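Q: Combine the two chains into a complex, taking the hints into account.
Those protein sequence lines, which keep their order, are chains A and B.
Just so you know, this note's numbering puts 26 at position 26 of the first sequence, and the rest follows in order with no gaps.
Just so you know, this note's numbering puts 250 at position 250 of the second sequence, and the rest follows in order with no gaps.
Simulated from the structure, these hints should not be mistaken for lab results.
One or more of the hints may lead you astray.
[Claimed, not checked] Derived Cβ-Cβ restraints for the label pairs, each shown as a range: (1) A:A252 with B:L88: 50 to 60 angstroms; (2) B:L15 with A:E136: 28 to 38 angstroms; (3) B:G5 with A:K112: 37 to 47 angstroms; (4) B:E254 with A:S196: 26 to 36 angstroms; (5) A:T21 with B:Y115: 51 to 61 angstroms; (6) B:R250 with A:K245: 48 to 58 angstroms; (7) A:R135 with B:L100: 29 to 39 angstroms; (8) A:Q205 with B:S2: 53 to 63 angstroms.
[Claimed, not checked] Straight-line distance between alpha carbons at most 25 angstroms, and here's what the computed SDA-like set of lysine to any residue pairs gives: (9) A:K59 with A:S19; (10) B:K157 with A:P134; (11) B:K157 with A:P68; (12) A:K112 with B:V163.
[To be verified] Just some of the chain A residues that point at chain B, by a computed CB distance under 8 angstroms: (13) A55; (14) L57; (15) I80; (16) F82; (17) F84; (18) E86; (19) T88; (20) M90; (21) P91; (22) W92; (23) P102; (24) L105; (25) A106; (26) Y133; (27) R135.
Note that the structure is predicted; figures quoted are calculated from it, not measured.
Glycine residues also receive a C-beta, built at the ideal position from the N, C-alpha and C atoms.
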Amino acid sequence: MAAANPIVSLRAVGKVFDSGTAALDGLDLDVRAGEFVSLLGPSGCGKSTALRIVAGLSKPTNGVIEWPASRAGDAAAGRIGFVFQEPTLMPWASVADNVELPLSLAHADPAKARLAVGAVLDHVGLADFTAAYPRELSGGMKMRVSIARALVTEPRLLLMDEPFAALDEITRFKLNNDILSLWQTLRQTVIFVTHSVFESVFLSQRIVVMTPRPGRVFAEVAIDAPYPRDDRFRTSAEYAGYCRKVGEVLAAAMDARP
Amino acid sequence: MSPRGLVRIALPLVLLAVAVAVWDAAVRAFAIPPYILPGPALVMGSLVGDSGLLFGSLAVTLTLALEGFALAAIGGVFWAIVFNQWRLIEYSFYPYAVVLQVTPVVAIAPLLLIYLPQHLAVLACAWIVAFFPVLANTTLGLRSVDRNLVALFELYKASRWQVLTRLKLPAALPQMLAGLRIAGGLSLIGAVVAEIAAGSAGAGSGLAYRIAESGYRLNIPRMFAALLLLSLAGVAIFMVLSALSHLVLRRWHESEVKEDR
Ligand SMILES: Nc1ncnc2c1ncn2[C@@H]1O[C@H](COP(=O)(O)OP(=O)(O)OP(=O)(O)O)[C@@H](O)[C@H]1O
Ligand SMILES: [Mg+2]
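This is chain B alone, in the form it adopts within the complex (with noise of 0.2 angstroms):
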């Protein structure tokens, strides 16, 4: 690996490794009482101690966020298309594809929770926040295509399935890529609110609601812990998608190749 690329990893460790650091030495010096600020060490041991309740509970949250992530980049991606070969179909679903993503979610879960049974409602609502990004970077990507480009293939006879499939498409793809990452993280957050809204009326199990339990019950150390979990979830998805832009895009754009100077 290049000292570079080594920084880069070192630094955000050092100084975690910091935080932590300076975070149990508070701990310590002023004797901050566990259900106030547990230390380092206690979130650590309730994470192993409590393993298999909250790795459970990591995983139906995870599998949700990650479905529902699944069906808006589907979703998004099929309906940009279908935007951008048909005007008239933009102009009367594009206002509604706005209102889905201005109405707050928190607003929407509850709502749902009537409706649907608990895990298609937080399916739904990581579904909500995630396909606006996809849907609105995919249709602007779509139209952001080379003019001369265009002018090429309607002068070589293309076929309007060519143009999408072999310009439009192409030519989309960092805009969606980039969609997807913000999709990724905030599928996590849209199932995450449904779940404190549902846990908060009983049944659940996931890791939101393990947060609003342990809060009940005053475990301070496990409600870090889980908090822990889903950070880690987020950043690992965040991770995954980063991973597969730059897969995609490192031969040919910009933000992803390495300059060779």
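For reference, chain A alone in the conformation it holds in the complex (with noise of 0.2 angstroms):
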């Protein structure tokens, strides 16, 4: 793969829990800047590991992760969103607070927070909830809180951890719109966690099927499928397609002996 200008590289990187646990060995990975990428395998193939390692939350035990358009350390630094498959708000703070905290963490001036934060609520479409509670929320508003606090500080990687796993298929779908619509307007690099071989048709230009534990690349298949894709795509042969034929590589997958 001609990675044109990757903004990520994961080298041969292995994770061995202290449990004794080998949740990743030998992964390799290129994500190219603005690229759509989702890493889709079996349940506890070690997709959250890797990422949490992308995020810095996590030293790998062997391989390096490096970040070749940055400096060392400046990739980290706030430029990286995560979203996690649970909301994970503070039930204590409103919906704007919530979103602020990554830059009030920061010491951002308090104005300036204020207006971006307004800004992403409404990228989002909760602009007339800033004021409510988590609790105040359903699930499907929630989960848009989670991404608005993880936009706020415009990153220019996105790390989403199956984040619309515990939601309905509408919601799902609705979501989905709308993260593909957010990336459209907002370009920055998205590496999104899924077992859904259908959402990450939908969503991906690439998709990294992994193995069976210790999670390894299995193989790559592109969706070249052009955007914007919209529920007609979703109705689409050629996604139909594309579905198969990523379900004939997941199961394939499941077969591959490390």
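A: Set out below in structure tokens:
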């Protein structure tokens, strides 16, 4: 793969936990700037672990992570947004305060921060809920707040760990659409973890299929369908074809022995 | 007020009225002498007649209990934070906090009275019993922070101070307030225990001493009146702390929000 301008490269990354569990072994991955890439793999194959390593929340046991485009450290500090599987909001803080958190932790100018928060909440369609508390929101709205919080620092890299796995299908489709339109306006790089073939095909330019634990890259599938993708794409024969193909690759990955 | 709220206030009051009526009727019907069981009217009479004495004593006891509570609240939260920040200090001191808790205060009071002037001994007893619930609950609260929120703060390079003030302390608030609510009632118990221990030794003017003194003099109505005041003081402390908890948590914590269905 001729990685034009990779934003982050993982080279032979392995992770063995203290418990002795080998989560990753020899994971190689290049992510290009501005790309939307999905990590697809069976449960427990180390997707979350890989994402946490990229975010700097966990150290790899071996291998290296390179940030070619930026100076060391710069890449991690505030330039990464992370969306967890659960909304992970502070229940004692209003929607606006939750979204402002990354900025206020960095001692950003409050007036500017408030503007940024307003803008990003507008983006995710929650402009009317700035003063609400998390418990007053639906599951989908909480997830939007979480996404807004990840976007408020204008990260170059957005990491999403099965953000919609707990949501119903209608809400998930809606948020999938929203994520794509956000990505097309903001143009950050996205690494999206999922174990849904359908979701990964709908969203990604490229799908990285991982083997069962210890996880490594089994195969990559490029999804060449043009953006914007919408509900028409979701019902097209092209989409169904890609889903079948990716499903077959995933099935093969499940049988692959490390 | 909602009908439900009205019922919640009315029901205990009705029950109280019934109990007082039964009490009064029993005292009359069986002609129970006042030195065994005084009727409610006699107790109220004593409360009004001896009000100067009783309320003066109440003020003494309540002041010491509240001072002990305040010190326990500040100390409990402070040490919980220290324990949370420095593991080695926690390992060193926590066992002794437990010792303080499991040793019955009734047994400590006489000893304290030997070394301390009486009001300080009472204060110390109020503090001892109130300290541990605050410490234990706050410690638990500081530990039970959402792991992902911790990761989030780490991702955004939050300082240790920011993690403490913006994440751990708010997350610990519900447990901390629950600890305070328990400690409030306990501090009154601690003060009363110490006063009883001291009262039998002589000088003292707290409410517990009045109870003991009235007992010796077979002034049973006054004994009841003092007891009543003590209970009311305890209820008042509990209600104030509950109101505080409600005020702080009502917007966000499941225990305090009113379900809007
Ligand atoms: N902190 C940890 N300590 C020990 N083992 C861990 C830890 N975190 C993850 N593991 C193990 O590492 C393996 C990979 O976990 P990981 O959470 O990365 O999987 P995943 O691909 O994200 O799975 P899922 O799709 O179910 O979320 C699992 O076997 C898990 O038990
Ligand atoms: Mg996972």
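Q: When the nearest CB of chain B is found for W92 (chain A), is that gap smaller than 8 angstroms?
A: Nearest chain B Cβ about 5 angstroms off; hint holds.
Q: Please verify that hint: P102 (chain A), Cβ, nearest Cβ of chain B, below 8 angstroms or not.
A: holds, 5 angstroms
Q: Double-check P91 (chain A) for me: the hint is only fine if its C-beta lies closer than 8 angstroms to a C-beta in chain B.
A: Nearest chain B Cβ about 5 angstroms off; hint holds.
Q: Could you check if M90 (chain A) really has its C-beta closer than 8 angstroms to a C-beta on chain B?
A: Holds: closest Cβ of chain B sits about 7 angstroms from M90 (chain A), inside 8 angstroms.
Q: Against chain B, with CB atoms and a cut of 8 angstroms, does the hint on L105 (chain A) hold up?
A: Because about 5 angstroms separates L105 (chain A) from the closest Cβ in chain B, which is inside the 8 angstroms limit, the hint holds.
Q: With a cut-off of 8 angstroms, does the beta carbon of L57 (chain A) approach a beta carbon of chain B closely enough for the hint to hold?
A: holds, 5 angstroms
Q: Between the beta carbons of G5 (chain B) and K112 (chain A), is the distance compatible with 37 to 47 angstroms?
A: This hint holds: roughly 45 angstroms between Cβ atoms.
Q: For a C-alpha distance cap of 25 angstroms, please report whether K157 (chain B) and P68 (chain A) respect it.
A: Since the Cα atoms of K157 (chain B) and P68 (chain A) sit roughly 21 angstroms apart, the hinted pair holds (cutoff 25 angstroms).
Q: So, as I understand it, the hint says F84 (chain A) touches chain B; can you test that by seeing if any CB pair is closer than 8 angstroms?
A: Because about 5 angstroms separates F84 (chain A) from the closest Cβ in chain B, which is inside the 8 angstroms limit, the hint holds.
Q: Quick check on a hinted range of 53 to 63 angstroms for Q205 (chain A) and S2 (chain B), using CB atoms only.
A: With a Cβ separation near 56 angstroms, Q205 (chain A) and S2 (chain B) satisfy 53 to 63 angstroms, so the hint holds.
Q: Given the hint that K157 (chain B) pairs with P134 (chain A), does the C-alpha gap stay at or below 25 angstroms?
A: holds, 24 angstroms
Q: Measure nothing beyond the straight line between the CA atoms of K112 (chain A) and V163 (chain B); if it is 25 angstroms or shorter, mark the hint as holding.
A: Since the Cα atoms of K112 (chain A) and V163 (chain B) sit roughly 23 angstroms apart, the hinted pair holds (cutoff 25 angstroms).
When the structure is compared with the earlier hints, no violation turns up for any of them.
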